[in-house]
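Trainee: With the sequences and hints as input, model every part of the structure.
Chains A, B and C are the protein sequences, given in the same order. Position 32 (the first sequence) corresponds to 32 in my numbering; numbering is contiguous. Position 7 (the second sequence) corresponds to 7 in my numbering; numbering is contiguous. Position 14 (the third sequence) corresponds to 14 in my numbering; numbering is contiguous.
Worth flagging that the hints you see were computed from the coordinates, not collected in a lab. Please note: incorrect hints may appear among the correct ones.
Here are some of the chain B residues that sit facing chain A, going by a computed Cβ distance under 8 Å [as the list claims (entries may be wrong)]:
| # | residue |
| --- | --- |
| 1 | F16 |
| 2 | L20 |
| 3 | H85 |
| 4 | A86 |
| 5 | P108 |
Reference listing, derived: stretches of chain A covered by chain C, where coverage requires no fewer than 3 residues with Cβ under 8 Å from a Cβ of chain C [unchecked claim]:
| # | segment |
| --- | --- |
| 6 | 187-194 |
| 7 | 209-221 |
| 8 | 224-234 |
Glycine residues also receive a C-beta, built at the ideal position from the N, C-alpha and C atoms.
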Amino acid sequence: MSGNSSTSRKTPDPVPASGTSPPLGDKRAVPGLALYTVLVPVLAGAAVLTAAACAPAMGVFLAVLTLALTAWSARRLAGLAGRAEGERCLLTAKLMQSQKLAAVGELSSGIAHEINNPLAIISQEAELCGALVEAKGAMDPELADCLAEIARQVARGRDITRRLLDFSRKMEPVTQLESLDRAVEDMVVLVEKEARLRNVNVIRRYDPDAPRLLIDVPLLRQAVINLLTNALDALEEKDQAGGEEAHGTIVVSTWRSGPGEAAITVADDGPGVARENLARVFHPFFTTKPPGKGTGLGLSITHNIVERMGGRMEVVSEPGQGAAFTIHLPLKGETP
Amino acid sequence: MSEPIRVLIVDDEERFRSTLVKLLASRGMTAAAAGSGEEALEVLAREPFDVILLDVRMPGMGGMKALPRIKELRPEAEVLALTGHASVDIASEMIAKGAADYLLKPCPLDELLDGIRAAFDRGRARKPQ
Amino acid sequence: MKLLLIDDERDFIETMEKRFKFRKIDVTAAGSGAQALEILGREEFDVAILDVRMPGMDGLDTLKEIKKRHPLMEVIMLTGHGSVESGARGMSLGAYDYVLKPVDFSVLLDKVEMAYERKLLNVAKNA
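Mentor: Here it is in structure tokens:
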């Protein structure tokens, strides 16, 4: 295994910019501002007064010093303002992304409901067609095959709409105090058994002081098993792409991703996500799998579940070296 | 020979109703149709049915509203919710209001026939002889 | 708490029944999904332990019917052969947990208690 893949394995340091909480930057800027708005002007003023009172040579030196000081100060201020603006943009982008996903989710479940009605009519017409032809004694194998194909495609459409409708489960989360690793362990055990058959290693990196949090336990399990399924699928893709014997690895870690936040990361060393697709992995129907294989709903459903739990999701990937999906959860009700 | 099962289809999609009436008739059932909750109540006031297939979302009176009134009018009839509106919450609400089952459209004909027969048998078993 | 055990394996059911009764838990057994639904039609239960692989109506179908009719009841799925797809489906159908057999009894008991707590929270919420 290459050294690169270990970067995806050592997950607990994903995306630098979005990983840290934005308000922190603002707080750090406050003492900085005092420096630029009070200290620098006072120094400049003092320099001018001193220059007036002493020798011209000294005055030139002081002027140069003041010039350097103010120029530096202005630059730093501009930099601070730029960074704040950047952070605000990032926040806005994140908010828009999450609103967009929510809207897309709502839209797709609306469409799913609407599509079920025409699907029902199509399947009935095909049934009636078959019955009519049969009654006339005119059914031939090719026609029977056509009708059966219509039924199969209706079933395929129905599978898609059913999956979409996972979105519309409006049951409010019910929270219980549970430790993170206990909440996810059963899903890991389940996946581990199938993974072994596929030559995939599952490694646990549970935080020994895993916090207990107030969480909807089955909802979290659903999110986790979806991520694990996604990782297994990714490794299967790699298996098919590379001819040589592939040994995939999935690493499941629990860790503290910040003050008041716990996280679960599921990382694989599969083909990873292409940079241009990173922003889209949580969109419903986004899939890199061939048609008919997977509806591309797993990750968007997971994203939706995590938002309902009050958490957020993040993906880090280096194409060709794997991907790491992280669920960040607020540490409400943590016992000290 | 036992009496044919009498089925009322309540759905706002005209073509869905008419084709299903023919399909059920071809399987030895007696079927009639209504296009809304209001129409269903009218039909039910005139004649009895064993099993009622009820759509949840219809213009005018939808299934959710019609269900308790159908049950009031014809307590002996079994109601099967048959709808494209898939939601666990709506399913359990319909069942709580007295529906025998909740089937999702599109539903393969054999599954639907099984559902109708199961509901019919259930209705029979409930009825004192 | 009222617990329903749904499994077609007689031996397993008998052992489990004894162990839960020993813990003073009110437990009833059902040998199939259909029988479980029939029992649930008459009596209310808090938690069910449901075997995934059964002849006739399988565990996932049974789970779906249970959740349709008794949405507040919590269901713990037990499986002998871990299938990821089946697990993902079970969880999306509203199972409380999906556990690979063999499972330590005290661990299972703990899960049953957590599931029961969730049911009570849900009932209180919907009251």
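Trainee: Hint by hint, say whether it matches the structure.
Mentor: Here is how each hint holds up against the structure:
Look at B:F16: its Cβ gets to within about 5 Å of chain A, closer than 8 Å, so that hint holds up. The criterion of a C-beta within 8 Å of any C-beta in chain A is met by B:L20, whose closest approach is roughly 6 Å, and the hint holds. Because the smallest distance between the Cβ of B:H85 and any Cβ of chain A comes to about 5 Å, under 8 Å, the interface hint for this residue holds. Interface hint at B:A86: satisfied, since its Cβ lies 4 Å from the closest Cβ of chain A, which is below the 8 Å cut-off.
For the restraint placing B:P108 at the interface with chain A, the shortest Cβ-Cβ distance is roughly 7 Å, inside the 8 Å limit, so the hint holds. Counting residues of the segment 187-194 of chain A whose CB lies closer than 8 Å to any CB of chain C gives 7, so the stated coverage by that chain holds, three being the minimum. Counting residues of the segment 209-221 of chain A whose beta carbon lies closer than 8 Å to any beta carbon of chain C gives 3, which reaches the threshold of three, so the coverage claim holds. A stretch counts as covered by a chain when three or more of its residues have a beta carbon under 8 Å from one of that chain; for the segment 224-234 of chain A and chain C the count is 5, and the coverage holds.
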